[in-house]
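Residue numbers (the numbering used here), protein chains in the order written: chain A, 1 to 570; chain B, 1 to 285; chain C, 1 to 275.
Keep in mind the hints are simulated off the structure, nothing from the lab.
Backbone N, C-alpha and C fix where the C-beta goes; we use that ideal spot for every residue, glycine too.
Take the hints with a grain of salt, since some may be wrong.
[What the hints assert, rightly or not] The calculated lysine-lysine pairs, modelled on DSS-like cross-linking and capped at a C-alpha distance of 27 angstroms, are: (1) C:K140 <-> C:K242; (2) B:K111 <-> A:K394; (3) A:K344 <-> C:K206; (4) A:K260 <-> A:K293; (5) A:K123 <-> C:K196; (6) C:K206 <-> C:K196; (7) A:K371 <-> C:K238; (8) A:K401 <-> B:K198.
[To be verified] Chain C side only, calculated, beta carbon under 8 angstroms to chain A, not exhaustive: (9) K32; (10) K244; (11) N246; (12) Y247; (13) L248; (14) D254; (15) L256.
Residues per chain are reported as follows:
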Amino acid sequence: MTSLKPLIECQDLTFRYPGEEKFILKDLTCTINEGEFLAIIGGNGSGKSTLCKAFNGLIPHFYVGDYTGKVTLDGVCTTTTDVATLSQSIGYVYQDFQNQLLRPTALEDACFMPLNYGLDDYKERGLWALEVTGLLDVKNEFIWRLSGGQQHLLALAGAIAMRPKLLVIDEPIAQLDPHHAEQIYEVLKKLHTDYGMTIVVIEHHTDFIAEYCSHVMLLDKGQVLWKKETVAALNCVEELLERNIFPPQVTQIAHSLQLKQPYPVTLKQSIQTFKASPWKQQATVHHIPQHTKPMVQLNNIELAYNQRLENNKLVLQNISLELSTHEHIALVGNNGAGKSTLLKVIAGIVRPTSGELYIQEQLIARAMPEKLAQDMGFIFQNPEEMFIEDSVRKEISFYLKSRKVNDYETYVDELLETFELVDLQDQDARLLSGGQQRRVSLAIGAAMRPKILLLDEPTANLDIATKQHVLNMLLELKKYVQTIVIATHDMELVAEWSSRVVVLSNGCILADDTSERIFQNHGIMAAGHIKAPQVVQLTTALSLPYCSSVSQFIAGYLQQVERGVHVGMG
Amino acid sequence: MLKEQATFTQSQKMMIFILSMSLYGLSNMFTELIPSVQLGPIELQIDCFAFIPLALCMLFHPFYAAIGAATGEIIFGELMLGQFGGIGEIEKFILFSVGMIVGGLLVRNPKSKAQVAVGAILGYGLFLVLSTIVDILKVVIGVEEFEAVPGLAESIFIVEGVEFLTDLLLTGTLFTVLPALYLVPRLYGKVEPLLGLKPRTATNFRVSDVITPKFLVMSALLSLLAFGIALLSEMDFNIGSWEPEFVDTYGIGVIWGVICVAVICVCITLWLMMKKGREDSHDLS
Amino acid sequence: MFTLEWVKKLEDRLSLEYIKQELLRTAFSTEKSFFTQLDPRILLAWYGYFAIVPWFIYEHVTLVGYLLFMVILTVIARVSPLILTVLAVGLAGEILLLGFIALLFGGDLSIVAPMFWLSIKLAVISLASVTVFSSINPEKFSDALLRLGAPAQFSFSVAYAYRILPTLLEEFQQIILSYRLRGLAPSKNGVLYFRKIYYYITMLIKSFYPLILNSAKRSRTTVEALEIKGFSYAAKDKRVLKMKTNYLQTSQMDWLFLLLTVCYVVIVHSLQLIL
Numbered sequence: 001m002t003s004l005k006p007l008i009e010c011q012d013l014t015f016r017y018p019g020e021e022k023f024i025l026k027d028l029t030c031t032i033n034e035g036e037f038l039a040i041i042g043g044n045g046s047g048k049s050t051l052c053k054a055f056n057g058l059i060p061h062f063y064v065g066d067y068t069g070k071v072t073l074d075g076v077c078t079t080t081t082d083v084a085t086l087s088q089s090i091g092y093v094y095q096d097f098q099n100q101l102l103r104p105t106a107l108e109d110a111c112f113m114p115l116n117y118g119l120d121d122y123k124e125r126g127l128w129a130l131e132v133t134g135l136l137d138v139k140n141e142f143i144w145r146l147s148g149g150q151q152h153l154l155a156l157a158g159a160i161a162m163r164p165k166l167l168v169i170d171e172p173i174a175q176l177d178p179h180h181a182e183q184i185y186e187v188l189k190k191l192h193t194d195y196g197m198t199i200v201v202i203e204h205h206t207d208f209i210a211e212y213c214s215h216v217m218l219l220d221k222g223q224v225l226w227k228k229e230t231v232a233a234l235n236c237v238e239e240l241l242e243r244n245i246f247p248p249q250v251t252q253i254a255h256s257l258q259l260k261q262p263y264p265v266t267l268k269q270s271i272q273t274f275k276a277s278p279w280k281q282q283a284t285v286h287h288i289p290q291h292t293k294p295m296v297q298l299n300n301i302e303l304a305y306n307q308r309l310e311n312n313k314l315v316l317q318n319i320s321l322e323l324s325t326h327e328h329i330a331l332v333g334n335n336g337a338g339k340s341t342l343l344k345v346i347a348g349i350v351r352p353t354s355g356e357l358y359i360q361e362q363l364i365a366r367a368m369p370e371k372l373a374q375d376m377g378f379i380f381q382n383p384e385e386m387f388i389e390d391s392v393r394k395e396i397s398f399y400l401k402s403r404k405v406n407d408y409e410t411y412v413d414e415l416l417e418t419f420e421l422v423d424l425q426d427q428d429a430r431l432l433s434g435g436q437q438r439r440v441s442l443a444i445g446a447a448m449r450p451k452i453l454l455l456d457e458p459t460a461n462l463d464i465a466t467k468q469h470v471l472n473m474l475l476e477l478k479k480y481v482q483t484i485v486i487a488t489h490d491m492e493l494v495a496e497w498s499s500r501v502v503v504l505s506n507g508c509i510l511a512d513d514t515s516e517r518i519f520q521n522h523g524i525m526a527a528g529h530i531k532a533p534q535v536v537q538l539t540t541a542l543s544l545p546y547c548s549s550v551s552q553f554i555a556g557y558l559q560q561v562e563r564g565v566h567v568g569m570g
Numbered sequence: 001m002l003k004e005q006a007t008f009t010q011s012q013k014m015m016i017f018i019l020s021m022s023l024y025g026l027s028n029m030f031t032e033l034i035p036s037v038q039l040g041p042i043e044l045q046i047d048c049f050a051f052i053p054l055a056l057c058m059l060f061h062p063f064y065a066a067i068g069a070a071t072g073e074i075i076f077g078e079l080m081l082g083q084f085g086g087i088g089e090i091e092k093f094i095l096f097s098v099g100m101i102v103g104g105l106l107v108r109n110p111k112s113k114a115q116v117a118v119g120a121i122l123g124y125g126l127f128l129v130l131s132t133i134v135d136i137l138k139v140v141i142g143v144e145e146f147e148a149v150p151g152l153a154e155s156i157f158i159v160e161g162v163e164f165l166t167d168l169l170l171t172g173t174l175f176t177v178l179p180a181l182y183l184v185p186r187l188y189g190k191v192e193p194l195l196g197l198k199p200r201t202a203t204n205f206r207v208s209d210v211i212t213p214k215f216l217v218m219s220a221l222l223s224l225l226a227f228g229i230a231l232l233s234e235m236d237f238n239i240g241s242w243e244p245e246f247v248d249t250y251g252i253g254v255i256w257g258v259i260c261v262a263v264i265c266v267c268i269t270l271w272l273m274m275k276k277g278r279e280d281s282h283d284l285s
Numbered sequence: 001m002f003t004l005e006w007v008k009k010l011e012d013r014l015s016l017e018y019i020k021q022e023l024l025r026t027a028f029s030t031e032k033s034f035f036t037q038l039d040p041r042i043l044l045a046w047y048g049y050f051a052i053v054p055w056f057i058y059e060h061v062t063l064v065g066y067l068l069f070m071v072i073l074t075v076i077a078r079v080s081p082l083i084l085t086v087l088a089v090g091l092a093g094e095i096l097l098l099g100f101i102a103l104l105f106g107g108d109l110s111i112v113a114p115m116f117w118l119s120i121k122l123a124v125i126s127l128a129s130v131t132v133f134s135s136i137n138p139e140k141f142s143d144a145l146l147r148l149g150a151p152a153q154f155s156f157s158v159a160y161a162y163r164i165l166p167t168l169l170e171e172f173q174q175i176i177l178s179y180r181l182r183g184l185a186p187s188k189n190g191v192l193y194f195r196k197i198y199y200y201i202t203m204l205i206k207s208f209y210p211l212i213l214n215s216a217k218r219s220r221t222t223v224e225a226l227e228i229k230g231f232s233y234a235a236k237d238k239r240v241l242k243m244k245t246n247y248l249q250t251s252q253m254d255w256l257f258l259l260l261t262v263c264y265v266v267i268v269h270s271l272q273l274i275l
């Protein structure tokens, strides 16, 4: 083994944000070596982002606070060198990457950094960065016309144009569908293997860590607990679960069944492990959606969006759907397939170019949003866009108060209780954490007491533990709401929650069926850029009966064992 | 250990600038779109959403919030909509900034409704007074022998006065004082930490932090400039009036000669431009 | 009735999607005219002359000559007729109003003549600015200013405005939608649509509360990103400034245009001596 050259060294790093009591980093010591592909994991508030901001000197130059200890980047001390100089050897992609895109067009943004440093070949560098990220086709496009996935790739391009030794990315795939997420990681892999960059990701999608990263570092309460190679790291299942970090589904299964260590961490390895299993193929029971009176009916909806100023593109075409009461519908498809737009059409916010929308058998032609809100709740993808008041309580009561509902305060109290917001009720919702914000947005939806509730990506940007929590909240919502439609690319949510899945692709309905059947239809999955959850993929690969969740898999497995079937472990 | 911030760092100033620029710029696009109502000689219109820069001036460093807003107006409201008015915009830039800065300086405790109201109305009012004076001065400069025209002075004063009053009453109350009263106390203590700043208190906010010697020198220079322009007009300075001796010495014939040469030059230039233009379009196709 | 029309129009315009598309179309449209190919620095110098000098010209022949020149140039620059109409109506209205008030105060119509010539003056100046700034690309304009010594922050702000405008509009639209999806519009219009107007205007003002907080969060990342992308590094370096604005180059056309203007100005001033 060649000798390891340290790129980042932190010694007894301690930091506290101004005005706060708690130290976010405490006597933290760690080393990142050249050539690593490191994942930093840890629960909320463990100091992951703060640590990364100390790498390029943003802390302490930009965030003035109490700072002690020493960080060196490639041998240079970060406290005595300014951020602009340090940034030449470290690229940084923020979690809210949209805000780091500063120029009007893609190429200008990619060139911005080398241009600022006065490099004569700035244009070539920008073009190279766009080529590596696969954005060369859109180089002259305005940034606001790029899709979310493309914007993320562009933020990455802007960060690598200087060809830094180290690249730091904060939650690269939180807002992406699985297809685009894979695309980002493939780019990172290329940068790592072909261009020798050292890569650090803050990540909680452990399946991606297993697939791509070489090392994992676990942070807890501002300290490094350990840094291990990936397989060893993900095998510390209990330690991870304690901190609400969920290892890949296959690892969880292996752990629950107390198989021999090391547990498999990727799907491929797990198939090897479970291969010899003699499970019998069982006839699966299909849920047949009960068609009662339709709540919402769409007839031949078509929508041309004027967003691209010069050419009118059809965003939705030929959409006909009937949504009934007590259905839980998931709208899936890749980014840009038209999911959000379809939700907005159902909500009556966007008027279709042609076609009819019936709600409770009444034709909706042109209605004011204020009126539509009586039957319909809409929860935006970004909870912040729903916040219009200055406290959580006021947010939730806004609807009830404006309609002068009798005794609304008791109902608000009940909702605060249900969504675990009692302690937060007087705070400004914008200042809460991501998971808390999401809960507030769900409570706002419930307060409207709609017959139909539409949610746009309710689990985006959440860590897995919070996601589980939101999932429970969604089940809670059933109490208040008759029909729920969710647009999502979170396939675990689809598998566990939905009673019906509508797959969209390029504005058309590709399939409309139960999640079970869709996840077993490879044609549809490929066309819709969908990837089934790991546990479903595992059961399919092993030709086992369909399981939608880890617990179902384990239950099924134990049942088999009880029946005395010999289960061979490969 | 780095010291606790008492002053604004360079990047915090930039944050305030960008915040103020983009928000006031956006609001300016709206006010450009909202149509005005003409009630006889009185025009009712929403001049601007002055509450946005005023609120920011009261919460943050007034200087950067004010010039940010003034820049935002030029960029969003004028340049992007293709309505940039040239030099006149610079004058508005200065006057507006001055008004907003003063409005922001008057507030020491953003939680006090009285201070916010006073700051808002005086800040916006100062801007209105200054621009009314400049408008009147413009007519005085622009019209030859202003005083000699009967009734002109009075009418100008009345027109400008009425405009001043409607602006002060409509925009000044509905779109300045009331919204500022709604926003400032609500934002206070919430928006500052987002920029990594401490909320303004009577102890950490000193007028002398904003009114630095540099600031004073700048304002002195600008007032001199404004004064100089006003003075020029008083001095009977007239570009067209250097002619008598010239004509006497050389006679009218010379002037005709000059005109002929110039016309020939114009023709040649035009011909060259046409040729060049055609070549260029040829190159493109 | 007039107000009714107005509110109808307002309601139509309050379709935010419409406003958003309109604004984006205006901001991002790139119309080509003779002036777009000229170097913005030359145009600025040219404009500098026509924005200041006319103030000090009182000779009618010269003013008419200048006006004629500007009219021809506005035609060449393909300035939108709407802007021109607004300009003309504004100037005429001002004269009429002043005349009317002067009559009230016992003056006579002699006020109209000087005001007429003032209006011609203003027209020259406004047309000059319309010609230049309706065809100048704002980014080129800001780069020209940067080259001429304006602070780098201004030039950055112009480019940033183009970057952020669509995002801001989108966010604003969502926030207004949130208000409307949870609020209750007045069922009656009230006198002169007063209730409706009040409802919309309070909503518009209140929407700036969330907008300010959201933008504050955003501007923090933006300024951090500026720092890590070396913006402050560039601001200190003259060489980078040159590289950024290297594409600004004067062509033969620029000098021809200046020559033409000089000759024309000479003719106008000479004619004034004779006539």
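>> Just to be careful: measuring from the Cβ of L248 of chain C to every Cβ in chain A, is the smallest value less than 8 angstroms?
In response: It is violated, given that the least Cβ distance between L248 of chain C and chain A is near 15 angstroms, above 8 angstroms.
>> Does the closest beta carbon of chain A sit nearer than 8 angstroms to the beta carbon of K32 of chain C?
In response: violated, 15 angstroms
> Is K111 of chain B close enough to K394 of chain A, meaning Cα to Cα at most 27 angstroms?
Replying inline: Answer holds: K111 of chain B to K394 of chain A is near 20 angstroms, not above 27 angstroms.
>> So if I understand the rule, the pair passes when the alpha-carbon distance is 27 angstroms or less; does K260 of chain A with K293 of chain A pass?
In response: violated, 52 angstroms
> Within a Cα-Cα threshold of 27 angstroms, do K140 of chain C and K242 of chain C meet the stated pairing?
Replying inline: Judged against 27 angstroms, a Cα distance of about 14 angstroms means the pair holds.
> Is the straight-line distance between the alpha-carbon of K206 of chain C and that of K196 of chain C 27 angstroms or less?
Replying inline: Holds - the C-alpha atoms of K196 of chain C and K206 of chain C are around 15 angstroms apart, at most 27 angstroms.
>> Let's test the interface hint: is any C-beta of chain A closer than 8 angstroms to that of N246 of chain C?
In response: violated, 11 angstroms
> Between K371 of chain A and K238 of chain C, does the CA-CA distance stay at or below 27 angstroms?
Replying inline: violated, 59 angstroms
>> Next item in the hint list is L256 of chain C. Is there a CB on chain A closer than 8 angstroms to its CB?
In response: Hint violated; L256 of chain C Cβ to chain A Cβ min 31 angstroms, cut 8 angstroms.
> Keeping to a limit of 27 angstroms between CA atoms, is the pair of K344 of chain A and K206 of chain C held or broken?
Replying inline: holds, 24 angstroms
>> Under 8 angstroms is the threshold here; is the Cβ of Y247 of chain C close enough to any Cβ of chain A for the hint to stand?
In response: violated, 11 angstroms
> Does the alpha-carbon distance linking K123 of chain A and K196 of chain C stay inside the 27 angstroms limit?
Replying inline: violated, 53 angstroms
This entry does not satisfy hints 4, 5, 7, 8, 9, 11, 12, 13, 14 and 15, going by the numbered hints stated previously.
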